[in-house]
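Q: Line order of the protein sequences matches chains A and B.
Residues in the first sequence are numbered consecutively from 133, following the working numbering.
Residues in the second sequence are numbered consecutively from 16, following the working numbering.
Read the hints as simulated data drawn from the structure, not as lab findings.
The beta carbon of each residue, even a glycine, is placed where N, CA and C say it ideally should be.
Careful: at least some of the hints might be erroneous.
Restraint-style ranges between C-beta atoms, simulated for each label pair [to be verified]:
no., chain 1, residue 1, chain 2, residue 2, range
1, A, P242, B, N170, 35 to 45 Å
2, A, A134, B, P190, 19 to 29 Å
3, A, R265, B, G229, 51 to 61 Å
Some chain B residues near chain A, calculated using beta-carbon distances under 8 Å [said to hold, decoys possible]:
no., residue
4, L36
5, T148
6, R184
Which chain A residues face chain B? A few, computed with CB under 10 Å, are given here [as the list claims (entries may be wrong)]:
no., residue
7, G179
8, F232
9, A279
10, F319
Each chain, letter by letter, is given below.
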Amino acid sequence: MARWQADVQTRLGSFELDVSLEGDAQPLAVAGPNGSGKTTLLRAIAGAVPVARAHVTIGKTVLESTEPGIHVPIERRRVGYVPQGYGLFPHLTVLENVEFGLTTGSDRSPAETRRTRALGMLTELDCQPLANRRVDRLSGGEQQRVALARALVLEPDLLLLDEPLAALDATRRRAVRHFLAERLRTFGRPSIIVTHDVRDVVALNANIVVLDEGRVVQQGSLASLQQAPANDFIAEFVGAG
Amino acid sequence: MARPTRRSPLTGLGTLFGVTLVGLLVLPFLALAISTPIGDLSEGAAHPLFVPALLLSLRTTLMSLIVIVVLGTPLAWWLASSHSRAARVTEVLVDLPIVIPPAVVGVALLQTFGRQGLLGPVLGAAGISVPFTESAVVLAQVVVSAPFFIQAAANAFRKVEPDMLIVARTLGAAPPMAFLRVAVPIALPGLLVGASLAWARALGEFGATLLFAGNMPGRTQTMPLAIFSALESDVRLAVVFSLVLAAVGVVLLLAVRFAPALRQTVGRSA
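Bound-form chain B, shown alone (with noise of 0.2 Å):
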């Protein structure tokens, strides 16, 4: 017979601190869903901020997306399956933007591409401006969001094991041609996961966008920005962009928990 366990105080006062941490996780969501009357979500959609503000950021953070996912396989090919001191070196400074704050972040862009920066000269020479337009929106979004998606890759590939990349080439797999068919179809599950981070990350992006792209409506406010820019004239607005922002963040959220589960599911029955 299983005997009866007692539960000890410090159970007790874990309990209370995990349910407070947890309440004050999910409590502002609560707050902003019920404190929007559904005519208020109508009228905030037909506002003239919202749909160039939402198509904004769908088409930068599509295009971050696919920069990031590009590039960044490659890359987190590398720092998975080498041991070499210059592959852990780059780890550590693709994780930089991740402590480092956004604004900060901003600042540095603009140092970097500004007229005045880095390589203003040379990208004035070519007739190419990037601060407070588009492509700026997506390199703030790229440089923020990047490592969430190479550092889930990697850990992804790192599963993958060696002996069986090359069993691929004994079958005759050249080197891309094994990557592709077995170690990418392998990780997938870990790099659909980085993509949605990453995207998500992309999404939220603020502080960066703000001081390297600036806020201007139709160019160059994202959604994030557009909350902000409604925050100082109508909250009911602010409040309305939210919640949209927050459904799309929770859409992606059960997207990245039970995608690999029912991936899962359809391949056991297939």
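Bound-form chain A, shown alone (with noise of 0.2 Å):
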């Protein structure tokens, strides 16, 4: 089972981050106050935020290391990112979209190839009839699997969720939520996802990181939050007391 860490140092303005994390392949959820750095710091893994110091490894890859000053570029790091919005490219199709990382790389297969793979991702996230869509008329859920599947199809070291459910409404919210975890579940790879609801928590089943400006208050499993709570935010969140 891939184990991951990531210790990452940053400064953006007056803001600071200064994380260490790691754990495998069971889901972790982020959560925190708005600008307590947990974009930041999905970011800083990616590899698209300057870092002061930081030591970043899936498995044996070291991804970023200041000390022998290793730096992995965001387009070799193997990292899948969903930000928040999903990102989809407007001026392409659904299939376009999930081909995208497939004519990216050195890796130059016949484009049959590459449209069956995307093809095939689409099916498996039941987004098939969509392909030729483009992606500015999908629903907030059709978005997100889109993106998923975008990210799943390269078959990354390590998934980045920001806030994957919240542009969807309450209704959509759950099924699209029931959906992410059996997805994630058969991605069977590390995955970070950012979040709000503990509902997310318990459906992905995830340990647990809260962040406050910029560093780690908390973090454990939901049922030792629960019992607990380091502060009133996280009080809050895990729905303690």
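Mind assembling these two chains? They're in different frames, but the hints should get you there.
A: As structure tokens, this is what we get:
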């Protein structure tokens, strides 16, 4: 089972992030108040923000280590990223979005093979009928599935999801939450999910880390946080007391 | 039931002002169109000044557009994505030619590239003479019209969400590929509008060209300069030349206004 580790220290303006995390294939839910550094953390792990000091590994692969000066560029990290709002490319169709990652690397497989892989992933995620649709014509739930298909088709070593359910209405959220939990179980590799909803933690059977002002305030299982929440935010989040 | 709205006297006055201004904008072009008999058009097109000036205008504006797009696209991207003070200062510098009269730009170009200018000795030593050549026409057009493209392109690039580029990179695209395959297509409607505006501005350029490149038929005489020359000898000829230039402007305007909508319609039906 692949273990991962992310020690990240970075400063963006007056905001400072200093976080040490580790985990395995069990999903990790990242919670915290707005501005606590959740999105910055995901971007730092992805390699999208400059870091002052960092040590990021997945299995035996070192992605970032400031001491020996290792920095694997984003495009070679094999880290999947689904941002808030999903970041689908509006000028491409659903199929072209999913195919995008298969056309960027040195592995130039034939167009037919790429198409088959992308369609296969869309079928797995029940999105095959959407293949030729424009992405701005999709519902929030459909966009989320397509974004997930686009990330998963490359079989990343680590999946980063930034509030994957936030853009959905309450009724869609429940269905998509169970779908996401199912997909991550099938994925079977490490994933980090930013969330504001403890129901996501339950559905994903995730461990939790809570950030505040760029620091880890508490981490552990849902039960341990419910038993002894470190502050009011965590008590509110896990529904303790 | 909807209540009938009472028109205020101010609304009436505002309408009158608006109609007056629109009239002032449109009336000269209407006068230009109706004052030209069809016969004059063919006569004007056959005039020895017409074809060389038109070809020179098309050739030089195409050249200046290529220079502006190639040099201006990366600059616009930097202006849109950088939060540095240098970017904000550069943005102001880029706008300078918009607020400075073209005649002043012409003099400034002479002071830069002329024999006695800032770069004159260096260019002279290399055997290069810029003023009063076709290169001078292109240079004048680049300086006065580049800000229109850079401004529009920077605004278009600001609409590209940074997250999309991060996603493109996590999907294996190196920065240049992410820029070309994600940022440019998303910003394309704005880039086209900017390019059209810059081209239109270059096509109509007069003052800077006259001072820096002169008004030599077949060599540096563009369409606006040909109109100026024709006006001295034959007003009817000047009207015909003007009409052709106005027609090109109208086509450009329609392209700018309707191309994005057309693109969306085509995209939707595809």
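Q: Next, verify each hint and record whether it holds.
A: Against the structure, the hints come out as follows:
The supplied range of 35 to 45 Å is met by P242 (chain A) and N170 (chain B), whose beta-carbon atoms lie about 40 Å from each other. Evaluation of the 19 to 29 Å hint for A134 (chain A) and P190 (chain B) yields a pass: the beta carbon distance comes to about 28 Å. Taking the beta carbon of each, R265 (chain A) and G229 (chain B) are about 57 Å apart, inside 51 to 61 Å as hinted. With a cut of 8 Å, the hint placing L36 (chain B) at the interface with chain A is violated, because the nearest CB-to-CB distance is about 37 Å.
With 8 Å as the threshold, the beta carbon of T148 (chain B) stays out of range of chain A, its nearest partner Cβ sitting at about 41 Å, so the hint is violated. Look at R184 (chain B): its Cβ gets to within about 4 Å of chain A, closer than 8 Å, so that hint holds up. The criterion of a C-beta within 10 Å of any C-beta in chain B is met by G179 (chain A), whose closest approach is roughly 8 Å, and the hint holds. The beta carbon of F232 (chain A) comes within 5 Å of a beta carbon in chain B, closer than 10 Å, and the hint placing it at the interface holds.
Annotation: A279 (chain A) was flagged as interfacial toward chain B, and the flag holds, the nearest CB pair being 8 Å apart, inside 10 Å. Hint status for F319 (chain A): violated, given a least beta-carbon distance of 15 Å to chain B, over 10 Å.
Hint check: violations occur at hints 4, 5, 10; the rest are consistent with the structure.
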